[in-house]
Amino acid sequence: MMTSANMPTHDYAAIAAQFGERIRAASAAGSPLCVRGGGTKDWYGQPPQGEVLDTRAYTGVVSYEPTELVITVRCGTPLAEIEALLAEHQQMLAFEPPRFGAGSTVGGVVASALSGPRRASAGAVRDFVLGAVLMDVQGTILRFGGQVMKNVAGYDVSRLLAGSLGTLGLILEVSLKVLPLPLCETSLRFELSEIDALRRLNEWAGQPLPISASCWHQGVLALRLSGAQAAVAAAQQRMGGAPLEHADAYWASLRDQTHPHFSGGCLWRLSLPAAASAVILGGEQLIEWGGAQRWLKTAAVDAVQAETIRRTVAAAGGHATLYRSEHKPVSVFHPLAEPLMRIHQRLKASFDAAGIFNPGRMY
Amino acid sequence: MNTANTVTSAPALPADLSARRVQLAAALQQVLPPSAILSDPEDTRPYECDGLAAYRQMPLIVVLPDSEAQIVAVLKLCNELQVPIVPRGAGTGLSGGAMPIADGVVLSTARLNRILRMDAYSRTAVVQPGVRNLAISDAAAKHGLYYAPDPSSQIACTIGGNVAENSGGVHCLKYGLTVHNVLRVRMVTIEGDVVELGSEALDAAGLDLLSVFIGSEGMLGIVTEVTVKLIPKPACARVIMASFNEVVAGCNAVAALIAAGIIPAGLEMMDQTSSRMVEPFVHAGYDTEAAAILLCEADGTAEEVEEEIARMSAVLQQAGASAIAVSQSEAERMKFWSGRKNAFPAAGRISPDYYCMDGTIPRKRLGQVLEGIAQMEVKYGLRCANVFHAGDGNLHPLILFNANIPDEFERAEAFGAEILALCVEVGGTITGEHGVGIEKINSMCAQFAPAELEAFFGVKHAFDPARLLNPDKAIPTLNRCAEFGKMRVSGGKLPFAYLPRF
Numbered sequence: 089m090m091t092s093a094n095m096p097t098h099d100y101a102a103i104a105a106q107f108g109e110r111i112r113a114a115s116a117a118g119s120p121l122c123v124r125g126g127g128t129k130d131w132y133g134q135p136p137q138g139e140v141l142d143t144r145a146y147t148g149v150v151s152y153e154p155t156e157l158v159i160t161v162r163c164g165t166p167l168a169e170i171e172a173l174l175a176e177h178q179q180m181l182a183f184e185p186p187r188f189g190a191g192s193t194v195g196g197v198v199a200s201a202l203s204g205p206r207r208a209s210a211g212a213v214r215d216f217v218l219g220a221v222l223m224d225v226q227g228t229i230l231r232f233g234g235q236v237m238k239n240v241a242g243y244d245v246s247r248l249l250a251g252s253l254g255t256l257g258l259i260l261e262v263s264l265k266v267l268p269l270p271l272c273e274t275s276l277r278f279e280l281s282e283i284d285a286l287r288r289l290n291e292w293a294g295q296p297l298p299i300s301a302s303c304w305h306q307g308v309l310a311l312r313l314s315g316a317q318a319a320v321a322a323a324q325q326r327m328g329g330a331p332l333e334h335a336d337a338y339w340a341s342l343r344d345q346t347h348p349h350f351s352g353g354c355l356w357r358l359s360l361p362a363a364a365s366a367v368i369l370g371g372e373q374l375i376e377w378g379g380a381q382r383w384l385k386t387a388a389v390d391a392v393q394a395e396t397i398r399r400t401v402a403a404a405g406g407h408a409t410l411y412r413s414e415h416k417p418v419s420v421f422h423p424l425a426e427p428l429m430r431i432h433q434r435l436k437a438s439f440d441a442a443g444i445f446n447p448g449r450m451y
Numbered sequence: 016m017n018t019a020n021t022v023t024s025a026p027a028l029p030a031d032l033s034a035r036r037v038q039l040a041a042a043l044q045q046v047l048p049p050s051a052i053l054s055d056p057e058d059t060r061p062y063e064c065d066g067l068a069a070y071r072q073m074p075l076i077v078v079l080p081d082s083e084a085q086i087v088a089v090l091k092l093c094n095e096l097q098v099p100i101v102p103r104g105a106g107t108g109l110s111g112g113a114m115p116i117a118d119g120v121v122l123s124t125a126r127l128n129r130i131l132r133m134d135a136y137s138r139t140a141v142v143q144p145g146v147r148n149l150a151i152s153d154a155a156a157k158h159g160l161y162y163a164p165d166p167s168s169q170i171a172c173t174i175g176g177n178v179a180e181n182s183g184g185v186h187c188l189k190y191g192l193t194v195h196n197v198l199r200v201r202m203v204t205i206e207g208d209v210v211e212l213g214s215e216a217l218d219a220a221g222l223d224l225l226s227v228f229i230g231s232e233g234m235l236g237i238v239t240e241v242t243v244k245l246i247p248k249p250a251c252a253r254v255i256m257a258s259f260n261e262v263v264a265g266c267n268a269v270a271a272l273i274a275a276g277i278i279p280a281g282l283e284m285m286d287q288t289s290s291r292m293v294e295p296f297v298h299a300g301y302d303t304e305a306a307a308i309l310l311c312e313a314d315g316t317a318e319e320v321e322e323e324i325a326r327m328s329a330v331l332q333q334a335g336a337s338a339i340a341v342s343q344s345e346a347e348r349m350k351f352w353s354g355r356k357n358a359f360p361a362a363g364r365i366s367p368d369y370y371c372m373d374g375t376i377p378r379k380r381l382g383q384v385l386e387g388i389a390q391m392e393v394k395y396g397l398r399c400a401n402v403f404h405a406g407d408g409n410l411h412p413l414i415l416f417n418a419n420i421p422d423e424f425e426r427a428e429a430f431g432a433e434i435l436a437l438c439v440e441v442g443g444t445i446t447g448e449h450g451v452g453i454e455k456i457n458s459m460c461a462q463f464a465p466a467e468l469e470a471f472f473g474v475k476h477a478f479d480p481a482r483l484l485n486p487d488k489a490i491p492t493l494n495r496c497a498e499f500g501k502m503r504v505s506g507g508k509l510p511f512a513y514l515p516r517f
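Those protein sequences? They're chains G and S, same order as listed.
For reference, each letter of the first sequence is one residue, going 89 to 451 in the numbering used here.
For reference, each letter of the second sequence is one residue, going 16 to 517 in the numbering used here.
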């Protein structure tokens with residue numbers, strides 16, 4: 089077992105106790121807290137409100153067992169530190185969370201639940217969350233899940249925390265499943281129209297091929313194959329295509345959203361069934377996850393156009409997030425059906441009776 | 016202080032129950048056809064237990080709706096009359112999650128048994144909750160696709176029950192559990208609202224309620240439709256059977272495989288008691304002299320499997336396997352697996368009764384846990400065979416006993432509870448895949464602190480404020496934990512100091 093040795097553990101208890109005091113005081117006063125790690129995703133979701141509760145002091149790897157495929161880390165641990173440690177053991181966070189800056193912490197990774205190019209084949213953040221330690225609105229420490237792969241004791245609250253945007257409590261610690269790095273990877277490119285690319289992606293996904301990432305943009309479909317040498321070689325031969333140059337940098341630009349498509353204008357994230365055909369909307373699209381994630385870039389956003397986008401995407405079985413935009417004239421997240429909204433409100437009230445954790449960040 | 020969360024009334028008198036039954040049956044007849052209501056004890060008897068037959072309770076009434084509209088009507092009625100409901104799939108569960116409540120209704124989803132859509136292009140199937148797990152893969156086979164989670168009961172268990180239990184199977188290390196393979200659930204709340212969780216996209220707006228709904232043991236809503244993910248069937252699979260002279264050596268071999276970057280499609284271990292138990296029954300060719308047998312499967316294209324089998328064999332040899340055999344044909348692969356898959360029936364063959372546990376532990380603690388179990392065998396005077404989903408640390412000790420011998424069942428139960436307490440102690444959990452149900456509800460008090468149980472009730476409240484859906488299962492009330500007397504003590508302080516003791 090490896091333990092972060094840069095600080096004696098009793099200091100962490102003291103830091104947690106300080107968090108508890110802050111939370112209890114905020115509860116008593118009814119004053120909101122903005123739970124924040126590196127702040128690299130302040131732009132995501134509804135605007136943050138309240139006094140910042142900085143999690144970065146609560147940092148470090150609690151335990152890492154490469155042969156158990158589990159890492160347990162404190163919320164303020166930099167993502168870069170975790171990835172470097174995993175890489176030493178030829179392992180990875182298979183959901184490939186985007187790195188928006190050096191300050192990105194694991195608490196933010198889990199709270200935002202943003203996943204990268206490997207998501208369609210490997211799974212999303214929530215698929216890798218095995219356990220979590222949560223500090224509730226009274227400053228009490230709660231443990232859910234654990235460090236084992238299979239665990240059905242009690243409701244799976246730790247997975248619920250993935251994507252909760254800090255609205256249910258302070259995520260103090262998480263245990264994540266990790267996977268071995270692929271033995272072999274290669275990337276291909278094909279010149280295809282949007283409609284042809286979507287069709288090929290869906291057909292290929294129904295065959296035993298080791299596709300681990302895909303991206304269609306401006307008439308080019310890029311694919312990444314990962315797996316055993318033999319599997320990658322056989323797939324490459326079967327699928328054809330041309331080698332993709334600078335592949336590592338290319339996939340990193342998608343993962344970290346530094347690709348030019350992610351800057352300028354207003355960016356919508358359309359989450360759709362992979363099999364949904366081309367969605368015709370004004371603007372340019374970049375398509376990932378075999379068709380299941382489509383980034384729509386428009387010049388600006390107004391309420392009428394937003395309504396059109398949401399109606400069109402919902403009709404195709406998906407939902408639309410106003411992902412990145414200077415102006416947010418409509419709610420960032422797709423409105424929920426009434427009974428579903430009621431469950432959300434009750435859950436929020438159950439976990440955060442005082443309404444102090446990141447209020448309004450989601451809805 | 017009253018923290019009661021279940022129906023707390025004293026057991027109703029038979030006469031009261033009888034009157035209640037007549038009243039409820041009359042009300043149900045307003046919303047269901049007569050064929051969907053069973054109230055005669057002769058007809059409801061088959062529903063008195065699930066796969067955990069030691070726990071039995073006759074229900075007041077059983078309803079068998081065949082549409083979502085009927086389910087909505089039943090739930091609205093039960094909500095109005097404050098009648099508790101126990102949902103039931105195929106009744107194959109092993110933790111008593113479908114055990115009836117004396118003054119409650121059992122709602123069976125067996126008649127919602129249609130595959131509504133099977134779509135090869137989108138690799139999804141939309142099915143009703145009463146569709147059998149294996150029927151999905153059978154229907155998908157012509158497209159070269161299948162539904163990955165394969166609990167051992169897959170021939171009989173239904174997808175509604177799989178959603179309730181977050182079922183796994185022998186391939187879940189590589190392919191995941193139900194939560195990883197279900198995209199969308201449509202369900203009805205106790206208030207009669209139809210709600211969609213998840214979607215046919217890879218995520219949905221809002222909180223990930225699908226994650227919390229899967230594995231909620233029928234306590235949050237009644238499933239009416241499920242969209243499952245189908246994946247391409249691997250072209251080929253082969254399995255290695257390796258023998259080890261010590262259980263711990265076998266376990267180290269598992270760690271070595273994973274350290275080598277290999278995620279086998281299946282990875283199972285059996286101790287000597289288990290291999291000796293199954294070998295005369297199935298003739299799988301197991302080495303009954305070995306302390307442990309490891310089955311390790313590779314799947315994929317033929318070339319890929321060949322490459323992986325070679326890598327696995329090298330690691331296993333290095334880890335001190337005393338013998339290694341690789342399946343040379345599909346028939347031989349099935350033969351190697353047959354022993355593991357028949358461990359439960361084999362236990363039933365050599366012992367009048369057996370009690371199957373389901374703890375999960377960090378794998379490195381296996382040696383310590385097996386040693387603990389060996390000591391408990393002496394303490395309780397009962398034998399125990401251990402089969403183990405080695406890849407994910409899920410341990411299935413089978414405690415062998417004879418219910419006709421006075422106090423053997425009680426000893427088996429105490430033995431089981433002690434195994435679970437040990438699993439929690441080493442950092443594991445009381446249930447990996449079978450669920451808490453009624454069986455392990457007391458052990459929940461050992462795993463969770465009062466504030467954590469309160470948080471679970473908070474989740475329950477968000478979906479089912481009236482606490483009518485399977486209210487006596489999975490999450491113990493604080494009163495119950497106090498009575499059981501096995502609460503987690505934190506900080507040296509006795510919890511529930513304010514509660515009466517017995």
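One should not assume that every hint holds.
Under 7 Å between C-beta atoms, here's a sample of chain G residues computed to sit facing chain S [unchecked claim]: (1) R288; (2) N290; (3) Q295; (4) A319; (5) A322; (6) V420; (7) L424.
Distance windows between CB atoms, simulated [stated by the list, open to error]: (8) S:A84 - G:S365: 28 to 38 Å; (9) G:L269 - S:E304: 35 to 45 Å; (10) S:E304 - G:A175: 40 to 50 Å; (11) G:G443 - S:Q333: 53 to 63 Å; (12) G:A175 - S:P360: 28 to 38 Å.
Hints listed in this document are in silico derivations from the structure and should not be mistaken for laboratory results.
From the three backbone atoms N, C-alpha and C, an ideal C-beta is built for every residue, glycine too.
Looking back at the numbered hints, which does the structure fail to meet, lowest number first?
-> 1, 6, 12
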